[in-house]
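Asks: With chain A's structure known, arrange chain B on it following the hints.
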Amino acid sequence: MSDPILCARALRKNYGTQEVLRGLDLDLARGEVTVVLGENGAGKSTLLRVLAGDLRADAGSVAIDAKSLQAEPEAARGRLIYVAQHPPLAPLLTLREHAQALNAFRGLAQKPQELQRLASALRLAHVLDKPIRALSGGMAHKAALVLAFLADVPLMLLDEPHAGLDVRSALALRALIVEKRERGTALLLASHLAEATLAVADRALVLRQGQVALDLDAQALRGFGGDARGFEHAVLAAMGA
Amino acid sequence: MLPLRLTRAAAPVTHALLALAALGVGLALGRVLALEAPRLRPDVALRLAALAALPLPLGLLRLLTTPPHAAARRFLGEPAPELLARSLRTALLWLLEGLLIPLGMLAACRLWPDASEDLLRGAALTALALLLAAGLGTAALLLALRTVARGPSGLWSSLTGGGAFGPAAAAPLLYAPAFALVAALVPPALLSAVWGAKAALLTPQVLLLSLLGAAVLAFVLALKEIEQARPHLQEALLAVEEAHAMPFAQSDQLPEPPRWLMPGQPNALLHLLARSWMRDRPGSWLTTALLTLLAVVLVRRPAEPLALALVAASIAAYSFVRVLALERDPVHAAAFWLGAPPPDLQRAVLRLGLGLSLPALSLLALGLLTGSLLAVLLGCLAGLAIGLGCLRLPTPRLRSALPLLCLCAAGAAIALASSAGATP
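In order, the protein sequence lines correspond to chains A and B. Residue 123 in the numbering used here sits at position 123 of the first sequence, and the numbers go up by one each step. Residue 350 in the numbering used here sits at position 350 of the second sequence, and the numbers go up by one each step.
Isolated chain A (complex conformation) (with noise of 0.2 Å):
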């Protein structure tokens, strides 16, 4: 792969004794959707978590853009942003007042019309000036993706984040992560979900026992025809179940 905008080599990371990542390598092309799979506990958020520089490997690296997270970790994290699970908002304050503040931080212009955009598009233009404590856990988690779309960064990492959204909601966002992918941005998500794997993926990973089990490129999706029940047979047969 030429000039991926991540390339990891020889991950690993042990929580006490338990090894999570052993010795994991990946590339990610740009303008490029990947989902990881696999079971609870397979390392997908641990992986997510050391890719984004939020957790320390014990052995390996990590580069973004050509930007070693180790050796310049600022200007590497500059070039992505993470969603966890539960995403780090301050309760007391607005989505706006976020997006004000991420705009600040990362040298942006303000972009009040693409934030409404976002909001609107995911449903939560009329929660824009409320604060993240009086949002019900769903709409907080489609705030931080608001705000993760509205960085202007070359890689997301989206860890599940099609969890807890209704439908319409659901749909939105697969429409975003089309729209982020055509402009060039190369996404990462962890997600459980054949169906929307299947809608939205280049390349879907299987990680099992620390290690990529399994690694289906945009023509083997495509291969599937749409078949959810095909793919998650697939998937199933990768996780050794």
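None of these hints come from the bench; they were simulated from the model. All residues carry an ideal CB built from backbone N, CA and C; glycine is no exception.
Just a few of them, taken from the derived set where beta-carbon distance is under 7 Å, the chain A residues facing chain B:
| no. | residue |
| --- | --- |
| 1 | 89 |
| 2 | 91 |
| 3 | 92 |
| 4 | 93 |
| 5 | 102 |
| 6 | 104 |
| 7 | 105 |
| 8 | 106 |
Replies: Then chain B, alone, in the frame of chain A:
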């Protein structure tokens, strides 16, 4: 059923620190009373009793309306009355620790034997105020919880004017501690008036009988209210939880930080931190100012160097711990996630911490007018060292208790340092 233990906090250590603190405060109050002119002592004793009793209803408000780990305990199946009973046991411990304040005042009799009779009366007034504040505070808060569960009542609406402050449903809870404190101070005020008019009437027997009567009254009222509130507690706690989860939810205007907190160039990061902090703790700078005012008043004129140094140390440690609290605020993690560079974040936290401590630091300057600059400087350095030491303490609760311990050490030192030269 085995008691559920959901915390690893070192409770015995915290209670030991609080007990030590109460003794220190008692010694300091005893010193204040002993050095006052005899004709003014009844009034001063009443004020000190009010000051000592003030934290109890406020602490009860927090303990009874938002019991620790309430959601987790409810999820695990613990009924609300048992949850409240646990909180009441903690409140009883607080009361016992609080009663070490009058004991500390009695201990001051050894330092000022000539004032021992008045110190005994002052200690009895303080104990009376503490007992009544605890008992009436518990009863008033349980009554308020019952009101919250059953909907608005005419009595509360007439007392609170409809409760325009905060969520309407929780309005009685905001007023209950104040009513309890005022009611608790009526008997000490009457006894203080008797003391002022004819001190000979206020014998130890009268004081003992008053104390016993107050204890019985307070506990009977509290127990009666516990029984009556029992069926409504679950619903009341849920209503309070809901009110807490929705602050400003219906408001169009969210509070902004005051301008004095952010002098100079506009700084997005500082503004973000200050905004979140002030919405969460709107009175935090006022608390600092009041605490410092109290410290400066305790120093008195002329300030002893040792006492001044200890007060300075406690203020510096308090400010430092406030900076630590800023770092634990969820907005800190949010700012980092939004892309704030870590060095800028550290600088902004430090700057805001200093800004929040500004009232304390400026009031400390008043202390400088009456004392030695060197003592204040050394005290501040010691306070910062204590604050740095805080970083190594294992639990947040211990980190929070340390400045309190410093204040008490300051109080005790004021008493001890001035005992040699004091002339009652």
